[in-house]
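Q: Residues per chain are reported as follows:
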Amino acid sequence: MSGEMTSMERWKALLNGDPVDRIPVVPFAMGQSAIVHGYENLGDFYSKPEVSVKCQLRAMEMFGYDQPPIFLSPTYKGATLFGSEVEYPYRPAQGSVTVTKPVAETPEDLESLEIPDPRGDEKLHNMIEIALDNDVVPIVYMTGGAVSCTAPIIVGIETFMKWMRTDPDLCEVALDKTAEFAKRKAEWLVDEFGADNLVPWTSYPADANVLISAENFGELVLPKVKKHHQNLLDLGFSSILAHWCSDHNKNIDAGHIDKIPHGDPGVMYFGPEVDVERSVELFGDEHIITGNVDPPSVQNKSYEEVLQLCKENIEKGKDSPRGYTLTCGCELPPRAPPINVYAFVKASRKYGKY
Amino acid sequence: MGEEDLFGELTDAVVAGDKDRCRGLAEQALDEGVDPYRALMEGCAEGMNIMSDRYDEGEAYVPDILLSAEALYEAMDVLKPHIDVEDTGVSGKVLLGVVEGDIHDIGKNVLKSIFDAAGFDVIDLGRDVRPEQFQESIEKEKPDILGLSALMTTSMTGMPKIIENLQKAGLRERVKVMVGGAPISEDYAEKIGADGYAPNAPRAKEIAEKLLKQKREED
Chain A
1 MSGEMTSMER
11 WKALLNGDPV
21 DRIPVVPFAM
31 GQSAIVHGYE
41 NLGDFYSKPE
51 VSVKCQLRAM
61 EMFGYDQPPI
71 FLSPTYKGAT
81 LFGSEVEYPY
91 RPAQGSVTVT
101 KPVAETPEDL
111 ESLEIPDPRG
121 DEKLHNMIEI
131 ALDNDVVPIV
141 YMTGGAVSCT
151 APIIVGIETF
161 MKWMRTDPDL
171 CEVALDKTAE
181 FAKRKAEWLV
191 DEFGADNLVP
201 WTSYPADANV
211 LISAENFGEL
221 VLPKVKKHHQ
231 NLLDLGFSSI
241 LAHWCSDHNK
251 NIDAGHIDKI
261 PHGDPGVMYF
271 GPEVDVERSV
281 ELFGDEHIIT
291 GNVDPPSVQN
301 KSYEEVLQLC
311 KENIEKGKDS
321 PRGYTLTCGC
331 ELPPRAPPIN
341 VYAFVKASRK
351 YGKY
Chain B
355 MGEEDLFGEL
365 TDAVVAGDKD
375 RCRGLAEQAL
385 DEGVDPYRAL
395 MEGCAEGMNI
405 MSDRYDEGEA
415 YVPDILLSAE
425 ALYEAMDVLK
435 PHIDVEDTGV
445 SGKVLLGVVE
455 GDIHDIGKNV
465 LKSIFDAAGF
475 DVIDLGRDVR
485 PEQFQESIEK
495 EKPDILGLSA
505 LMTTSMTGMP
515 KIIENLQKAG
525 LRERVKVMVG
535 GAPISEDYAE
545 KIGADGYAPN
555 APRAKEIAEK
565 LLKQKREED
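One line per chain: the protein sequences are A and B, in this order.
Everything in the first sequence is counted per the numbering used here, starting at 1 for the first residue and increasing by one.
Everything in the second sequence is counted per the numbering used here, starting at 355 for the first residue and increasing by one.
Some clues are possibly wrong.
[Stated by the list, open to error] Below, simulated DSSO-like cross-link-like pairs (lysine-lysine); rule was C-alpha separation at most 27 Å, straight line:
1. B:LYS545 / A:LYS301
2. B:LYS564 / B:LYS434
3. A:LYS350 / A:LYS311
4. B:LYS567 / B:LYS447
5. B:LYS496 / B:LYS434
6. B:LYS559 / B:LYS545
7. B:LYS515 / B:LYS545
8. B:LYS515 / A:LYS301
9. B:LYS447 / B:LYS559
10. B:LYS447 / A:LYS250
11. A:LYS311 / B:LYS545
12. A:LYS183 / A:LYS48
If you're looking for bench data, these hints aren't it; they were derived computationally from the structure.
Treat the numbers as computed from the prediction; the structure is a model and nothing was measured.
Pulled out of the complex, with its shape left as it was, chain B reads as follows (with noise of 0.2 Å):
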């Protein structure tokens, strides 16, 4: 099988949510020699690109996307150990996490996986995040964005202290900040000071490309 069409069948098994399929391509890509981020990138991330536009447009769901995302980890399990991280090109870290209060993280789960078909450096910190937790990990992981997210309205109350405390810490000049969740729109985020609003999952990538853009120019 050429690379070529190696990188279609991975797309494809990311698609599927066919995880075995996927870590058989992985082993298969390094069996011939392909380069494995060129596999990574263009075989297993195509496929989370397409989940990540038809659960936009509707046409997947959670189920699908879930089922696409272990199958894209699947693949990454086999290849990241053979990745020159010099290679990959990294384009930002991101830190992420659902803040105190709320142990909604599907959508922030979304994300992550979007985020790391993109080739970002994600760091995860899961759910009911404490505030301290972020900042500490701000200060430990040095990340270009914040991601933020929440789906109760008491818990998006605590978004706005995130950032009062990266401010009082003198640490909100070095990251943007983004925020997402059911309850969130875009008024409340420029209401609470953040650089940046998705809507869903598959928009956050957009915003996400487009703050790291700024501030890398602003850096």
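If we strip away everything but chain A, and leave its shape as in the complex, we get (with noise of 0.2 Å):
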């Protein structure tokens, strides 16, 4: 090899199983690709589909990462298109959408509620394809029947949360609508795009054990994400980026994660409350581990530190055998300083080569 693997070329390579120079380095920065763009705030980042690709590919360029853009749609995980009211984050403070009027309030509303046409995502379609005429291959948010894409998706969330006690046939009937919302949305966008232009990711921080326990999330929601990562892989999709995010630590003890399938290889996405050395023992026979420096770190500490941070992780996932990414626990700070994200790919540099 002459010199460095671009960023899309080691990116590639990671998923298929190839050799890459180095580590590559997806530090999961989606908002503060537009912060180092100049904007105030992420509210055009999240409902306008230029802006949210244009900062994403500039960043990416700039700091020498190798994330592709990653696209949550600005129809927030398809919340509009079921009827939720959402708040686009127009003011500094604000690091994400957010649903302010979840659609079913009632369970009355929650069993008329028809499942939206996911063709109506017509702002996903276009960042998609100017990602494409980009030649890059984005990661997208594809989450179904999980609590984290139906609550507050739908449903409020305190108002699922008791349903799972009081009341849990709704919680089914809630998830199986996500469910079947994503699955659609997962095959119209491989009808349009095809399974190889396509990453899908699917997150689950409200499915994590410190809101629900092992023994809920294995009754109740694993059957669902079991099916739904099937129907994702039998739809042709090789791998599947699973952000198990925040604790999921008894949902592991327990061998839940262990059933879903994630593709082969998937790519095993823990928080930082899940060591990058535990992920690597559990899952790095099978999967690509990513992590996993914690995000307040990212945001609050000097460069030195998170250099520091960064190392440590290489050291414990650089020999996984299915490859290591180094990622962020969570998504990249949005107000995290330039120069800590430039510590990744400094760090991938100094300590990640292969």
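Join the two chains into one complex using the hints; note that each chain is given alone, in its own frame.
A: Here it is in structure tokens:
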């Protein structure tokens, strides 16, 4: 190899199981790319496809990281298509889109709620088109059947949590609706763009054990997530990037995560609560491991400290059998100092060469 | 049913998250001439304490706590109008809110129920609260403790601004500030000049009691 691989060469090689020159850096930067671009808030980033793609591509090039654009549709996980009301983050203090009024406030609302046509998501379609025109394979949100894509997307999260004890059948109904929506969305995207041109991203913050028990996860969520992931694989996706956000240690201990298909290889992306060493030990033989610098440190600590944290993570993950990427433990904080993002790339160049 | 048995039943009903039973038992307490404040504190609050401990130990989860809180409030609705404020010996006033830009309020809501059960006078400003709202409420309500919650790295940056605003307005010495939420750490709390940090809602009660004691000694 005459020189460094390009970012997309490195990312694609990782997913294909081919050798990479150094550890790929996938910081999970979304909103931060807009802030470094000069936007004062994230409103346009989350509502305008061209802004989202432009900011992410330019930040990737500027920092030299290997992360393709990550797309959370302007419909916010389909919330607006279902009929929920959302607020875009046009205030500087806001970090993401928020659901201000879930569409289903009563059991009757939920029962009568129709599954929307995902093809109404024209902005997502537009985002992907622009990305493919720029020769990158984007990561696209496709979670279905989990608490995280259901509450507060169609039902308020407290309502959903209470139903878990008082009316679990209603939870089943709600989860089935988002699972079916995600399935149709994935089918549509594959028809439009092909499975080889997208990486499905699933994310499970509200399914973590800080909120619900492993027993609840196993009984209620696991069957639906298993089915949804299998659907994605049956559509032709070879890898699912699953962000097991927050603390899923009890779900791991219960064997739940192991039962969920993630692809060959999948990309296992745990929060900082699950150490990279543990991820490698449990899942490294089958999947790419990614992680895991804790986000508040990236936002609040010095360049030297972040570089050191990246080094420690690289040492734990570098020799994982199916590959490893250096990543922030959740979305890279939008207000993270740019130099701390560069620390990720610097760490890969300095400590992550193969 | 004797008083102690009734208190025990109330405790069990809160633990079970059975709001109908809680309301019925609270009404029964009033009918039988039981001191409503004791029914609340020795019955309902004890149930909330048990749930708080279970949550802290990983034996109960958010759905359980939310239902217990709902049951607690059902009993409080019945009992509170009959409680003489002077009998309560309310320990302190707490102002709670989730900082601007953040709508994640489950943690704050759990905290509110635990504080309510502990006998604090709780004022809840809700979620996505702007810095000036905190300041106005502190001027108006004169709380002993300000509790700030954030789940996002973007919104956590609002916490130091709120503390700075209080300093500029000459209000900082009047109130103890405690912070919490997923991205918050003890180091961060110290760095921004907060007086206390709690890693979760159950621990926050201990911290609040400690801060209140400090404040009383300072006043």
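Q: All hints are to be evaluated individually against the structure, with a verdict given for each.
A: Going through the hints against the structure:
1. Straight-line distance between C-alpha atoms of LYS545 of chain B and LYS301 of chain A comes to about 11 Å, which keeps the hinted pair within the 27 Å bound.
2. The suggested pairing of LYS564 of chain B with LYS434 of chain B holds, with an alpha-carbon distance near 26 Å, which does not exceed 27 Å.
3. At roughly 9 Å between alpha-carbon atoms, LYS350 of chain A and LYS311 of chain A fall within 27 Å of each other, so this suggested pair holds.
4. In summary, the hint linking LYS567 of chain B to LYS447 of chain B is supported, as the alpha carbons are separated by about 12 Å, within the 27 Å threshold.
5. Distance restraint check for LYS496 of chain B and LYS434 of chain B: the Cα-Cα separation of roughly 22 Å lies within the 27 Å cut-off, and the hinted pair is therefore satisfied.
6. In summary, the hint linking LYS559 of chain B to LYS545 of chain B is supported, as the alpha carbons are separated by about 22 Å, within the 27 Å threshold.
7. This hinted pair checks out: LYS515 of chain B and LYS545 of chain B have alpha carbons roughly 12 Å apart, not beyond 27 Å.
8. About 18 Å separates the Cα atoms of LYS515 of chain B and LYS301 of chain A, which keeps this hinted pair within 27 Å; it holds.
9. Distance check on the hinted pair: LYS447 of chain B and LYS559 of chain B sit about 13 Å apart at the alpha-carbon level, within 27 Å; holds.
10. With a CA separation close to 37 Å, the supplied pair LYS447 of chain B and LYS250 of chain A exceeds the 27 Å bound.
11. For the suggested pair LYS311 of chain A and LYS545 of chain B, the alpha carbons sit about 25 Å apart, so the restraint of at most 27 Å is met.
12. Distance hint between LYS183 of chain A and LYS48 of chain A is fulfilled; the C-alpha atoms sit about 24 Å from each other, no more than 27 Å.
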